[in-house]
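Number of protein chains: 2
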Amino acid sequence: MTRASHIYPKDRLILREVGLRDGLQMVKVWPDTDAKRDWINREYNAGLRHFEVGSFLPEARFPQFADVREVADAVCNLPDAHAIALVLNERGLKDALAADVDEITLVLSATVAHSQANQHRSQAEAIELVRRAIAARGSDGPLVSVGIAMAFGCSITGRVLPKDVLALVDTCLRAGADVIGLADTVGFAGPDEVCFLTKQAGKVCGPVPLFIHLHDTRGMGIANAAAAMDAGCRVLDASLGGLGGCPFAPGATGNVVMEDIVFLAQTKGFETGINLDKLIAVRDVLQRTMPAEVLYGAVARAGPLPI
Amino acid sequence: MTRASHIYPKDRLILREVGLRDGLQMVKVWPDTDAKRDWINREYNAGLRHFEVGSFLPEARFPQFADVREVADAVCNLPDAHAIALVLNERGLKDALAADVDEITLVLSATVAHSQANQHRSQAEAIELVRRAIAARGSDGPLVSVGIAMAFGCSITGRVLPKDVLALVDTCLRAGADVIGLADTVGFAGPDEVCFLTKQAGKVCGPVPLFIHLHDTRGMGIANAAAAMDAGCRVLDASLGGLGGCPFAPGATGNVVMEDIVFLAQTKGFETGINLDKLIAVRDVLQRTMPAEVLYGAVARAGPLPI
Chain A
818 MTRASHIYPK DRLILREVGL RDGLQMVKVW PDTDAKRDWI NREYNAGLRH
868 FEVGSFLPEA RFPQFADVRE VADAVCNLPD AHAIALVLNE RGLKDALAAD
918 VDEITLVLSA TVAHSQANQH RSQAEAIELV RRAIAARGSD GPLVSVGIAM
968 AFGCSITGRV LPKDVLALVD TCLRAGADVI GLADTVGFAG PDEVCFLTKQ
1018 AGKVCGPVPL FIHLHDTRGM GIANAAAAMD AGCRVLDASL GGLGGCPFAP
1068 GATGNVVMED IVFLAQTKGF ETGINLDKLI AVRDVLQRTM PAEVLYGAVA
1118 RAGPLPI
Chain B
818 MTRASHIYPK DRLILREVGL RDGLQMVKVW PDTDAKRDWI NREYNAGLRH
868 FEVGSFLPEA RFPQFADVRE VADAVCNLPD AHAIALVLNE RGLKDALAAD
918 VDEITLVLSA TVAHSQANQH RSQAEAIELV RRAIAARGSD GPLVSVGIAM
968 AFGCSITGRV LPKDVLALVD TCLRAGADVI GLADTVGFAG PDEVCFLTKQ
1018 AGKVCGPVPL FIHLHDTRGM GIANAAAAMD AGCRVLDASL GGLGGCPFAP
1068 GATGNVVMED IVFLAQTKGF ETGINLDKLI AVRDVLQRTM PAEVLYGAVA
1118 RAGPLPI
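First to last, the sequence lines map onto chains A and B. Quick note on my numbering: the first sequence kicks off at 818 and runs consecutively. Quick note on my numbering: the second sequence kicks off at 818 and runs consecutively.
It should be emphasised that the hints constitute simulated quantities derived from the structure, not laboratory data. Watch out, some of these pointers could steer you wrong.
Identical copies go unnamed one by one, so any copy, or any two together, can satisfy a pair.
Under the rule of at most 30 Å between Cα atoms (straight-line distance), these lysine-lysine pairs were calculated in the DSS-like manner [to be verified]:
id : residue 1 : residue 2
1  : Lys827    : Lys1095
2  : Lys1020   : Lys980
3  : Lys1016   : Lys1085
4  : Lys1020   : Lys1085
Go ahead and model the full structure; you've got the sequences and the hints to work with.
As structure tokens, then:
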């Protein structure tokens, strides 16, 4: 048993809705707080329990996350629901600890170059923030997770060696992280790479939950999700309608599509507790509040299996 | 060695362009013969060698295939290129044998109900046509392949049992088929089902090549292709831009996207001989001649790996 075991039990597949954070990262128009609550409530009724609710960032630069506290509250008020918030710096950490979130998630770039270019800090400084988060959250505070960005390839330096990523996983575990994640931030990976690194990272993590965060940039999202599941991963991120772009890959789609990954999980015999028809219906919220955003997903278009 | 070994060597991955047939099955506007030649020549220059060129069907009902002989000639004139044509009945078989094609492909429905509903004949009658094709083609005639439609699920009867499909594979082999295919005609399959049936069918086929024909109806196309490759399949169908719909699944996309399956194959280390940039550029032909058709594909949108 670890601190995260009751949130991420190893015998269940957990699909996390990250659209409210990753999906809104680059949009020009976004749902207001009531619409976000509607999105959450309806996905909750469809069976989802884990939501990334936003990011603690300066309101002036990221007004779409100005209501992160209210959105977190909306999740926390639902029985057994779990609210995750992204934190990128000391100020955000302070705000997140003062708010009511179940999990604080931090980012560590897999490469020195991306760490500097994207976060203006070294990898050591990023890990130092992880340590401070764990020290500050107290005995009944939120989980602290670390997502390793560019774990399957870097938009600046290209190839990323698995051994370097595994060393970072180990460092995060030593720093006390409750949950570790591997992100294919720019959609470089194919399923064999995802399978290999997921298996290896899973060994390093031991009882600590490992999540995989995939982007569908080059159409490998579902194949990579299947590979991660085959490699033993039981926590995967996705967004309704594949919402979201990527600042490092112009023209790219967002996260792997939630509706399609649910269908995938069903074909693999996982009991997700998610109702696909109800889930597809939630796309209305996105269509209504962000009419200019392209929504992806094949299951939503073709429907679940007719018979 | 079998009759098909030099066309489908087991040590190479062969990706076959089926857009000129399956992709044009339902369109209202289609490329003229010159544009089809352009499509073929440019894909050939990108590295493709196997093309399904059309179907021998009544011109009045399927005018998009009226030029199937000229299109077949366009392929056959290219060194090492291979022209495949679909045949659905006795008359089509006679026409195909009189024309210059390298492979005649026939369809056998996996279910009794779909065979009657779609082809107005029994499975036994479909197999009888396979026998007649083999008897008629002579010692230096074209290959005869059989694609088993609805092999992973049927739009009429739902679940299809692997053992029933494997029995049909065996029947086709006994009838003398040179190549066997399994088609997920309506996009019911997930990767585990594709992996299982591909492995089992591969055992039944022995030295006879096995192709997998996938539709991306519910977004599983690339994941299923990865599963088929993992299961040992070395011949996969795809169409440029994922062109094509499906008469049995309204709203469905067409075949798995060629550009994305090439990217997948690259991540798996297969030497396909296909240049992704050149391949993506061929979409121009489709966009120009069929402006109303939606073209799919993530690699075309995001581009191949930048570094």
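Evaluation of the provided hints:
Only within a single protomer do Lys827 and Lys1095 lie at most 30 Å apart by alpha-carbon distance; the minimum there is 26 Å, versus 45 Å between protomers. Within a single copy, Lys1020 and Lys980 get their C-alpha atoms as close as 13 Å, which meets the 30 Å cut-off; across copies the closest is 37 Å, which misses it. In the homo-oligomer, the alpha carbons of Lys1016 and Lys1085 lie at most 30 Å apart both inside one protomer (18 Å) and across protomers (17 Å), since each shortest distance falls under that limit. When the C-alpha separation of Lys1020 and Lys1085 is checked against a cutoff of 30 Å, the pair qualifies both within a copy, at 23 Å, and between copies, at 23 Å.
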